[in-house]
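Q: Sequence:
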Amino acid sequence: MDIVKKYRWFIVIATLVAVGASIVFSYIKPVYYDTSISFAINRVNKQETQDYQFDGYYAIQASDLFSQTVMSWFMTPSVLLEMYELAGIDPQISTIEELTSRFKAKKFSPQNIVIRYKERDQKTAENIAQAIITTVEEMAAESNQTSDHKSLFMVVGSKPVVVEKKPVIWLNGVIGLASGLVISLVISYFIAYWQINSRREDT
Numbered sequence: 001m002d003i004v005k006k007y008r009w010f011i012v013i014a015t016l017v018a019v020g021a022s023i024v025f026s027y028i029k030p031v032y033y034d035t036s037i038s039f040a041i042n043r044v045n046k047q048e049t050q051d052y053q054f055d056g057y058y059a060i061q062a063s064d065l066f067s068q069t070v071m072s073w074f075m076t077p078s079v080l081l082e083m084y085e086l087a088g089i090d091p092q093i094s095t096i097e098e099l100t101s102r103f104k105a106k107k108f109s110p111q112n113i114v115i116r117y118k119e120r121d122q123k124t125a126e127n128i129a130q131a132i133i134t135t136v137e138e139m140a141a142e143s144n145q146t147s148d149h150k151s152l153f154m155v156v157g158s159k160p161v162v163v164e165k166k167p168v169i170w171l172n173g174v175i176g177l178a179s180g181l182v183i184s185l186v187i188s189y190f191i192a193y194w195q196i197n198s199r200r201e202d203t
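No gaps in the numbering here: position 45 of the sequence shown is 45 in the numbering used here, and each next residue is one more.
Just to be clear, a hint being listed does not mean it is correct.
[As the list claims (entries may be wrong)] Within a straight-line C-alpha distance of at most 20 Å, the following computed DMTMM-like cross-link-like pairs (lysine to aspartate or glutamate) qualify:
no., residue 1, residue 2
1, K165, E126
2, K106, E85
3, K118, D64
4, K104, D34
5, K166, E137
6, K107, D64
7, K29, E119
8, K104, D64
9, K159, D34
10, K118, E164
11, K118, D34
12, K104, E142
Please keep in mind that the hints were generated in silico from the structure rather than gathered at the bench.
From just these sequences and the hints, can you work out the full model?
A: Next up, the structure:
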């Protein structure tokens with residue numbers, strides 16, 4: 001407690017600076033648009049088999065495997081570039097990893113996939129969403145055809161959900177307060193410890 005009293009003004013000033021910096025950062029941080037698209041993997045053109053009683057199980061297994069294929073497209077640079085070209089948008093990339101890391105694909109069930117990404121412009125986010133839906137539906141229709149040119153699965157994209165995301169100023173302020181307080185306390189104790197050791201060496 002003596003150390004806290006001794007360095008109280010430093011702790012107070014450092015904490016206020018951290019809070020102020022967090023609030024300023026919240027104001028200057030650009031707004032972005034969080035976008036979500038879900039895809040349903042629907043089975044069509046069911047084939048009659050002698051093991052029809054297991055048809056539901058096999059359908060789920062097959063849907064699960066095909067959904068993995070759909071998810072892999074969002075880790076394939078050539079497919080992602082095709083989506084951007086369809087949307088008429090320059091992806092502005094410098095590395096392949098930068099492109100593939102923009103999209104997060106998650107499988108919530110064998111027949112339900114959700115794609116999420118964010119853009120700084122609402123119109124850009126919407127255009128990319130439409131390009132994604134078109135590309136995925138067309139590629140899915142072409143990639144799962146049988147020998148008689150019938151599709152086993154139909155992938156249907158939902159209406160994109162685009163939500164504006166703004167920095168939460170009060171939350172960033174609380175984080176700045178906590179981090180500023182902790183850091184200033186650590187520095188104060190370090191300075192006090194260093195001063196004590198310096199005195200011991202002098203004596």
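Q: Confirm or reject each hint.
A: Results for each hint:
{"no.": "1", "hint": "K165 with E126", "result": "15 Å, holds"}
{"no.": "2", "hint": "K106 with E85", "result": "24 Å, violated"}
{"no.": "3", "hint": "K118 with D64", "result": "26 Å, violated"}
{"no.": "4", "hint": "K104 with D34", "result": "11 Å, holds"}
{"no.": "5", "hint": "K166 with E137", "result": "32 Å, violated"}
{"no.": "6", "hint": "K107 with D64", "result": "9 Å, holds"}
{"no.": "7", "hint": "K29 with E119", "result": "14 Å, holds"}
{"no.": "8", "hint": "K104 with D64", "result": "18 Å, holds"}
{"no.": "9", "hint": "K159 with D34", "result": "14 Å, holds"}
{"no.": "10", "hint": "K118 with E164", "result": "10 Å, holds"}
{"no.": "11", "hint": "K118 with D34", "result": "4 Å, holds"}
{"no.": "12", "hint": "K104 with E142", "result": "23 Å, violated"}
Checked against the numbered hints above, the structure breaks hints 2, 3, 5 and 12 and satisfies the rest.
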